[in-house]
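Please put together the full structure from these sequences, using the hints given.
Listed here are the chains, written in short residue letters.
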Amino acid sequence: MAMVEVRGVRKVYRRDTQEITVLDGIELQVPEGEFVALMGPSGSGKTTLLNLIAGIDRPSSGQVVVAGTDVGALSESALAAWRSHNVGFIFQFYNLIPVLSAVENVELPLLLTSLGKRERRERALTALKVVGLADRAHHYPRQLSGGQEQRVAIARAFVTDPKVLVADEPTGDLDAKSAHEILELMETLNREFKKTIVMVTHDPRAADRAHKQHHLEKGVLVDGAVKTGAY
Amino acid sequence: MKYLPFIFKHLRRNWIRTTSTVVAMGVCIFLFCTLQSVLAAVNTLLEASSANRLVTRHAVSLVFSLPLSYGSRIQSVPGVKRVAITSWFGGSLPAKKEGKGDAAPEATTDWSNFFPNMAVEAEPYLAMYPEYELPPEQYQSFLQDMRGCLIGRKLANKFGWELGDRFFLESFIPPYRKPDGPFEFVVRGIFDTDPAKYPGTDTGIMYFHHKYLYEATGRNVGAGTYAIEIDDPDRAGEVSKAIDALFENSDAQTRTETEKAFAAGFISMAGNLALLLNGIGLAVTFTILFVTANTMSMAVRERRTEIAVLKTLGFSSGRVMGLVVAEALLLGVLGGALGIGGSQGIMWLLTSTPGIRDVLAGIGLTELHLQPVVAALGFAVALFLGFVAGFLPALGAYRARITDMLRTV
Numbered sequence: 000m001a002m003v004e005v006r007g008v009r010k011v012y013r014r015d016t017q018e019i020t021v022l023d024g025i026e027l028q029v030p031e032g033e034f035v036a037l038m039g040p041s042g043s044g045k046t047t048l049l050n051l052i053a054g055i056d057r058p059s060s061g062q063v064v065v066a067g068t069d070v071g072a073l074s075e076s077a078l079a080a081w082r083s084h085n086v087g088f089i090f091q092f093y094n095l096i097p098v099l100s101a102v103e104n105v106e107l108p109l110l111l112t113s114l115g116k117r118e119r120r121e122r123a124l125t126a127l128k129v130v131g132l133a134d135r136a137h138h139y140p141r142q143l144s145g146g147q148e149q150r151v152a153i154a155r156a157f158v159t160d161p162k163v164l165v166a167d168e169p170t171g172d173l174d175a176k177s178a179h180e181i182l183e184l185m186e187t188l189n190r191e192f193k194k195t196i197v198m199v200t201h202d203p204r205a206a207d208r209a210h211k212q213h214h215l216e217k218g219v220l221v222d223g224a225v226k227t228g229a230y
Numbered sequence: 000m001k002y003l004p005f006i007f008k009h010l011r012r013n014w015i016r017t018t019s020t021v022v023a024m025g026v027c028i029f030l031f032c033t034l035q036s037v038l039a040a041v042n043t044l045l046e047a048s049s050a051n052r053l054v055t056r057h058a059v060s061l062v063f064s065l066p067l068s069y070g071s072r073i074q075s076v077p078g079v080k081r082v083a084i085t086s087w088f089g090g091s092l093p094a095k096k097e098g099k100g101d102a103a104p105e106a107t108t109d110w111s112n113f114f115p116n117m118a119v120e121a122e123p124y125l126a127m128y129p130e131y132e133l134p135p136e137q138y139q140s141f142l143q144d145m146r147g148c149l150i151g152r153k154l155a156n157k158f159g160w161e162l163g164d165r166f167f168l169e170s171f172i173p174p175y176r177k178p179d180g181p182f183e184f185v186v187r188g189i190f191d192t193d194p195a196k197y198p199g200t201d202t203g204i205m206y207f208h209h210k211y212l213y214e215a216t217g218r219n220v221g222a223g224t225y226a227i228e229i230d231d232p233d234r235a236g237e238v239s240k241a242i243d244a245l246f247e248n249s250d251a252q253t254r255t256e257t258e259k260a261f262a263a264g265f266i267s268m269a270g271n272l273a274l275l276l277n278g279i280g281l282a283v284t285f286t287i288l289f290v291t292a293n294t295m296s297m298a299v300r301e302r303r304t305e306i307a308v309l310k311t312l313g314f315s316s317g318r319v320m321g322l323v324v325a326e327a328l329l330l331g332v333l334g335g336a337l338g339i340g341g342s343q344g345i346m347w348l349l350t351s352t353p354g355i356r357d358v359l360a361g362i363g364l365t366e367l368h369l370q371p372v373v374a375a376l377g378f379a380v381a382l383f384l385g386f387v388a389g390f391l392p393a394l395g396a397y398r399a400r401i402t403d404m405l406r407t408v
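Which chain is which? The protein sequence lines are A and B, in order. Numbering-wise, the first sequence is residues 0 to 230 according to numbering that gives the first Met the number 0. Numbering-wise, the second sequence is residues 0 to 408 according to numbering that gives the first Met the number 0.
If you are wondering where the hints come from, they were derived from the structure by calculation, not from laboratory data. One thing to keep in mind: the hints can contain errors.
Ranges of calculated distance between the beta carbons of each label pair, as one might list FRET restraints [said to hold, decoys possible]:
1) B:I6 - A:R14: 29 to 39 Å
2) B:I279 - A:K128: 53 to 63 Å
3) A:A133 - B:I279: 51 to 61 Å
4) A:R141 - B:F386: 29 to 39 Å
Note that CB positions come from ideal geometry on N, CA and C, so glycine has one too.
Here is the structure:
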């Protein structure tokens, strides 16, 4: 069963009177438990496709069905609620809230649940333990290295136990060692926690960690799924 | 409530900006509360005025007195029922003589216990002031004693004075001072009032015989003002004109007005406080509105990425908007609390600092305090300012698209 289904998706942006087609007739299926990499040059539409899968943008036409839900058919507030339960987003620049400690950042998505304060905190600490940062729980983002920040961001992404993790260049701002650790962690989440992962990357070494690679060029998927060595 | 720590943390992010905004809003609410309290006190004072009483004073200024001969001529004006001389004595207790008739005459003035005191023509004056309730035997006792005085219940309680007690007052007005030292008074009556029937009537005042003042100063003083009772309140304007017309061609022209207008004018001698504070208050309120709005706009602008992250995590646009508005409201709460606290503090300071308190008492403002309704209104204004200031930036956060905000990182 496909966790993510992209059916004939087109995305057009308007700039003044000009229409710019960013994605054109995308067909994509990501089975449950798959780790997929989206690759392609800048401006090829990778991030736009990722945003559509994550439900933070809507297609101009076509359908994006994630975990059985037609994302484009949901209202704004329903879509927000859907995101909080189904998608964990990992950003290139981590995007932690600087005034919150690591554990508070991880706890943030749990504020949208009905969990009590203590349970929220326990879950956030558990998530930090999974990413190996239990001892940095009360550190603020400015007190963490880039790799550690990204690990906190990953903990924040999976703390609500979403079905899909989407990552936009998760290693793009990291040195090789930190990037390696982050990719290890993502593999662990995929393998042990059965998370479906869709990752945008420019880095071939990062893409090699995925089960499949899809290449985009000028808004079009140029090939079928390419199996990687990890698959 | 679970978002409160989150909101507080954001306010602490730029604590200098937050503090200055809170202080600015506090100043605004402080001004609002203080102004409204002063106005409330003035209104209470004015409410004690009667519609059928007029006051005639020197046309130029209250500083100048009127000839004593004016009394009988005013009495002859049709519509006038009673006329009584009233002179604001401006006496204060010599510190070494309070309640001690045998104290040394070279006593020093004690301004810390200043209270309003008036020299009046007792019989007509008390007849036109039914507000004061006085036992008949005390009234008779007062009339028979040249040095006798009447004090209100509040004064009696304040100083612990009882019937027969003596005390000394010395005026700061040169013509009302006598060479042999302060005036001696004997408490001959203590009057009360019915607050339900006569709200705003002050019993923190003292009356004594104008004749005593006249004789003791070598028959050299006039009448500060004339209190006039008229038959028909509807004819107040007509009677006032008739009285002033009587003295139109004399050296001391008069100005006659209703007691309420007179009281309002008397208070405004301290400066047009209401107009001044209203003007400042309004200007400050608008300024603070813009300052707070600017603060919130800056706060939202510099947090565009965070707002995008919150929305990505599943916070709905409405919830994000609520967080921004709540942050602005919290600024209002803090500013309001600061302003109300400051206003309460200044009221306490004004009514307990010797000198200032006496000046206020001299114009009848003995009851100056922050009323709960004014404090509540001040708090509401603070919340309103916070809400209005936060609404537009919050609306911007509401409308902003996640992808647009992430793209501007």
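Results for each hint:
1. B:I6 - A:R14: 29 to 39 Å: At roughly 37 Å between Cβ atoms, R14 (chain A) and I6 (chain B) fall inside 29 to 39 Å, so the hint holds.
2. B:I279 - A:K128: 53 to 63 Å: 58 Å, holds
3. A:A133 - B:I279: 51 to 61 Å: 56 Å, holds
4. A:R141 - B:F386: 29 to 39 Å: Since the Cβ atoms of R141 (chain A) and F386 (chain B) sit about 32 Å apart, the hinted range of 29 to 39 Å holds.
Checked against the numbered hints given earlier, this structure breaks none of them.
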